[in-house]
Amino acid sequence: MNYGDGQLLDDLRVALATPPARPDPIELAAFDRIVAEWRQRPAPVADEPKGRFRAIEKVHRPRVVAAGVVITTLGLGTGVAAAAGAPVTRGIREVAHEIGLPVESPAVVDAKDAMSRLRDALARSDDAQLRAARDQLRSELGDLGASDRASLERRVDDLLQQADARLIRDSSGPAPAPTADPTAAGPQHSARSPGGTPTGDTSSGPGEHGSIGAGDGAPHHDDTEPSSSTDTNGSRDGHSRDFQGDGAGSGAGIGPPPTTVTGHHEPSVDDSHGRGRDSRDATTTTTAGE
Amino acid sequence: MTVSRARPRADETKNLDLPELVALAQEGDHEAWRVLYRRAYPGLMAFASRRLDHDRARDAVAETMARVVANINKFAWKGVSFDSWLFGILRHVVADAHRAQARDQRRDERRTAVSQLSPLDHVLHDEEAAKVRDAFARLPSSDRELLELRVVAGLSCEEVAAALGKRAGSVRMAQSRALQRLRRQLEGQE
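Residue numbers (the working numbering), protein chains in the order written: chain A, 1 to 290; chain B, 1001 to 1190.
Don't read these hints as lab results, they were simulated from the structure. Treat each hint with caution, since some may be false.
What the hints assert, rightly or not - Here are the simulated EDC-like pairs of lysine to aspartate or glutamate, each with C-alpha atoms no more than 16 Å apart in a straight line:
{"id": "1", "chain 1": "A", "residue 1": "LYS112", "chain 2": "A", "residue 2": "ASP170"}
{"id": "2", "chain 1": "B", "residue 1": "LYS1131", "chain 2": "A", "residue 2": "ASP11"}
{"id": "3", "chain 1": "B", "residue 1": "LYS1131", "chain 2": "A", "residue 2": "ASP10"}
{"id": "4", "chain 1": "A", "residue 1": "LYS112", "chain 2": "A", "residue 2": "ASP127"}
{"id": "5", "chain 1": "B", "residue 1": "LYS1078", "chain 2": "B", "residue 2": "GLU1158"}
{"id": "6", "chain 1": "B", "residue 1": "LYS1014", "chain 2": "B", "residue 2": "GLU1031"}
The shape of chain A in the complex, shown without the other chains (with noise of 0.2 Å):
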């Protein structure tokens, strides 16, 4: 047998033919119903999205419209206010902070308008005032999380040293006891203990960028300079890279801690360089996952 295709083809028609079949009675009454039902249906709703999105987006459709508004109106909230040079209002903050909008926590705040008020007493001969700053910082650091009580930890370091160390020289009595602050045994002092290793929790913030090391051994002083600066040694964001710093030269111990600190510029606003542009990653993850 050796023949084209379409020999084969009519020989396999052929083969498999079958005497036509017709519905019967009962199968056809059975159409007629579901076509009778058909008819009866609702009109389709337009415009429904289809696929798997469709069943998401009933789902989510609330949740997205609401986090829209928010996010719009905190984004357009804290963007007019610092257009117009006004401080983001401490509410504000918190619920953008919370949603992942590119905001400092209140905590974080605070924290640094301690840490500006200890510089200032540290530029000056008033003991008091020292030790009233410095007792200050050691309580707003109790109120921070671990990651960000990570971003801080070097400066915060730095200035509580040098605050001490001036406290213990200029008095003429013993040296003041940190530990009579329960925040006094904070991170800030166990981090820097020689050959130590920083906190666990800060393995799950934004230290997990130190690994890349670029921030390793970084002068203490880039810390303050602005947050573009940063972004020439590879860091994604202030924070990670502030803890790299941070892990070189606490963990570590590479390097001694600078004795003088000059220059020293906490940003009071939402230097939140590096770190808005992953909040901004997060949030739109978020809502395109819903």
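Starting from the known structure of chain A, fit chain B onto it as the hints suggest.
Structure of chain B alone, referenced to chain A:
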């Protein structure tokens, strides 16, 4: 639902061409649906009967037509013929039914017995046709499905491609390879 044309009388409906029938069906014309059903039934039943026993084949055709009715407003003549769309639905229904049937071995054996006693054997007494059927039965499942869509359902390569979700060129090549294998099977019998 707006009626954009004058409804033909029942005896006129059966003389309409397929696009007109489909358009009327989309508008809910009951007679157009009946004509479409009667027109499609033999091909659908022949294809389904190749894989399923008679009862399951009837169920598969009924299920296919129910899905056609439910989704008729989604059908558009955009490079897909109505028959392609119809058989595209049917092959999914048949595949599901076939899996269910395969789970029941006794049922499957009975189906084989039925096919071996098909009326064609008795009516045609055609040894050549029996050889072709035997050779065809030894082809891979994908080859058989493609060739059944061509010769049992009567679809063109383009329509088969649309039903299978493939390109017409690849269907032609697959058909050529399937026929080549069929030819080898037939040569092996001689």
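Original post:
Which hint numbers does the structure go against, in order from smallest to largest?
Top reply: 1 and 4
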